[in-house]
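Peer 1: Line by line, the protein sequences give chains A and B. Be aware that the first sequence starts at 110, since it is given in our numbering, and climbs by one per residue. Be aware that the second sequence starts at 2, since it is given in our numbering, and climbs by one per residue.
Each statement offered as a hint is correct.
No more than 20 Å apart at the CA atoms, straight line, and that leaves these computed lysine to aspartate or glutamate pairs for EDC-like:
#1 A:K289 with B:D262
#2 A:K289 with B:D266
#3 A:K201 with A:D189
What the hints contain is simulated information worked out from the structure, not anything from laboratory work.
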Amino acid sequence: MSTTAGDAGTASDRRPGRLIGTILRRTLGFVLTLAVTFIGLTAVTFFISRLTNIDPVLAVVGDKATQAAYDQAFLALGLDQPLPMQYLIYLKRLVTGDFGMSVLTSRPVLTDLMRVFPATFELATIATIIGVLVGVPAGVLAAARKGRWPDHVIRVVGLFGYSVPVFWLGLVGLFVFYGKLGWVSGTGRLDVFFNGIVTTRTGVILIDSAIEGNWEIFGNAISHLILPASILGYFSLAYIARMTRSFMIDQLSQEYVTAARIKGNSYWGAVWRHAFPNIMVPLITVIGLSYASLLEGAVLTETVFAWPGLGLYITRALFNSDMNAVLGGTVLVGAVFITVNLVSDLLYKLFDPRLRST
Amino acid sequence: MSTPLGQWLMSEAPLSRRQAVLGSLYRGVRAIFANPTALAGLFIVALLVVMAVFAPWFAMGQSPLSQDLAQRLAAPSPEHWFGTDELGRDIYARTLYGARVTLTIVVLVSVVVVPIGLAVGTVAGYFGGWVDAVLMRVTDIFLAFPRLVLALAFAAALGPGIENAVIAISLTSWPAYARIARSETLAIARSDFIQSVVLQGASTGRILFRHVVPLCLSSVIVRLTLDMAGIILTAAGLGFLGLGAQPPTAEWGAMVSSGRDVILDQWWVATIPGLAIFIVSLGFNLLGDGLRDVFDPKSR
Numbered sequence: 110m111s112t113t114a115g116d117a118g119t120a121s122d123r124r125p126g127r128l129i130g131t132i133l134r135r136t137l138g139f140v141l142t143l144a145v146t147f148i149g150l151t152a153v154t155f156f157i158s159r160l161t162n163i164d165p166v167l168a169v170v171g172d173k174a175t176q177a178a179y180d181q182a183f184l185a186l187g188l189d190q191p192l193p194m195q196y197l198i199y200l201k202r203l204v205t206g207d208f209g210m211s212v213l214t215s216r217p218v219l220t221d222l223m224r225v226f227p228a229t230f231e232l233a234t235i236a237t238i239i240g241v242l243v244g245v246p247a248g249v250l251a252a253a254r255k256g257r258w259p260d261h262v263i264r265v266v267g268l269f270g271y272s273v274p275v276f277w278l279g280l281v282g283l284f285v286f287y288g289k290l291g292w293v294s295g296t297g298r299l300d301v302f303f304n305g306i307v308t309t310r311t312g313v314i315l316i317d318s319a320i321e322g323n324w325e326i327f328g329n330a331i332s333h334l335i336l337p338a339s340i341l342g343y344f345s346l347a348y349i350a351r352m353t354r355s356f357m358i359d360q361l362s363q364e365y366v367t368a369a370r371i372k373g374n375s376y377w378g379a380v381w382r383h384a385f386p387n388i389m390v391p392l393i394t395v396i397g398l399s400y401a402s403l404l405e406g407a408v409l410t411e412t413v414f415a416w417p418g419l420g421l422y423i424t425r426a427l428f429n430s431d432m433n434a435v436l437g438g439t440v441l442v443g444a445v446f447i448t449v450n451l452v453s454d455l456l457y458k459l460f461d462p463r464l465r466s467t
Numbered sequence: 002m003s004t005p006l007g008q009w010l011m012s013e014a015p016l017s018r019r020q021a022v023l024g025s026l027y028r029g030v031r032a033i034f035a036n037p038t039a040l041a042g043l044f045i046v047a048l049l050v051v052m053a054v055f056a057p058w059f060a061m062g063q064s065p066l067s068q069d070l071a072q073r074l075a076a077p078s079p080e081h082w083f084g085t086d087e088l089g090r091d092i093y094a095r096t097l098y099g100a101r102v103t104l105t106i107v108v109l110v111s112v113v114v115v116p117i118g119l120a121v122g123t124v125a126g127y128f129g130g131w132v133d134a135v136l137m138r139v140t141d142i143f144l145a146f147p148r149l150v151l152a153l154a155f156a157a158a159l160g161p162g163i164e165n166a167v168i169a170i171s172l173t174s175w176p177a178y179a180r181i182a183r184s185e186t187l188a189i190a191r192s193d194f195i196q197s198v199v200l201q202g203a204s205t206g207r208i209l210f211r212h213v214v215p216l217c218l219s220s221v222i223v224r225l226t227l228d229m230a231g232i233i234l235t236a237a238g239l240g241f242l243g244l245g246a247q248p249p250t251a252e253w254g255a256m257v258s259s260g261r262d263v264i265l266d267q268w269w270v271a272t273i274p275g276l277a278i279f280i281v282s283l284g285f286n287l288l289g290d291g292l293r294d295v296f297d298p299k300s301r
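Only chain A is shown next, with the shape it has when bound in the complex:
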């Protein structure tokens, strides 16, 4: 910890009480921000639900309902109340997990969401793992070889990742690796005849089949997962590599790296053991952000690969005017997105020693 003389605030920060106070204040601020952002998100979804020309009462009771049933539902939905009250009612329903019924599946939207979420979770998680495993070393290499060919190659690969439409890459991937080469399985999570064999425990097929020791299904799931996960992972790879590179360049230009070299460390020893640990904290934030954006990117990927997750659920609901399901899905994706975003931001603030003193 570097303290400048006369900086009383920093010096007193060494007392553990002050540090805990800072952490508490940060956490409180985090909870507040989270709450405010959620209110903003739900206000927008509420606003969207009022934009539609679909009668929310008819969506509940069906178009053959009697006038009495219609009026009853009208009152039950609180539609006679002023708009701010309607929003509060909506918020209360959301908090209690009542997202309404899906017209398409005639099940509560919450049940549907819980059923489809694990598929998206599995896809986004494997994609992020791919992105981290490839992106971080690539970024470090690019920084260490700045301005030379590995840097240029990694930059071009990253630029392509920023520019290519994910749905198109998915189609081309299917065409090449499934259609022409036959290296991977096609769309869906499993081959048709494997469906329903493994008991659903977590909904994540890789975990469920591993628990049962059914390695045939595990392998099949991997051969279905690998292509969409790699394509999605490419996008997080591009982002993670770019950020890792710029963090590393900052570190490598500092004198302590030279000092470590003079003390007899090998070049890569100085890079990995001395410089790399210093970028871990901002890197966690970057990985968190890319994870959140993958949940989003999954929407298009799932459509291409017929992957039965959140994205496919939302788009299917969209084309059947199933607004409850669309908005429920939007709220869920938004909530996860916001939480992951803000948590990675909080982690950054809590773990970066330079930020503790402010």
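Assemble the complex: chain A is given as a structure, and chain B must be docked to it using the hints.
Peer 2: Here is chain B on its own, set in the frame of chain A:
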């Protein structure tokens, strides 16, 4: 550059406002031309504009809409350079006309997003205090939203179409500009020349419009160029899902979608428009990277 004109343009002490403006423009253009990345990007973006404007001329009489069912799903040939789609429409012509839709979306989003971002950002930065706190909290809320999913919900509620796609994308894009404009304004508002304008009795509106906004513009434009790829990809994604421009309009995302079912046998239907999206996004990314290097030497 030693011609009199060059010297006049590069002068460190311009004698008139016109000379100063032209000189900084000239320096910017020279810097872009000296930067191969920016130049490549500029070339692609210029190509997009030319394609969009002269689409009928480049299409050489092929219509993007006329169907020829006898020729459906024809492979690329001298007659149909990029083949035909499931209704026998010429994919080359449709790709050309698709540039118009993309350009429209890009222009509309910029026109909506930049003024909103500048207004919120400069006001927050200039007034500070609770105005700043409230505006930035609102900005943070919108910044935390998932763009594509929110755009989906919007398009679902308002009905599909370009206008609604633009509204949906704009709604989630403006916060970035507000943030940039605010941080620029914070630095500008403290500078001496603003103090002197205040002492001369300029109104707040005049200070913001005439003195603060012009200085924020270069950062905003760089950011806008870098964001363009994301905007194009989101718009194409909406089009792919059937929520962008409606048929029979030629839109690249929707064209990729129409080639989905035949990707294994007639690869060109989905591949060509996808390549167009890719190249244009790449162009904006290259240009943005280059502009950032030119305008912001720190990031090099």
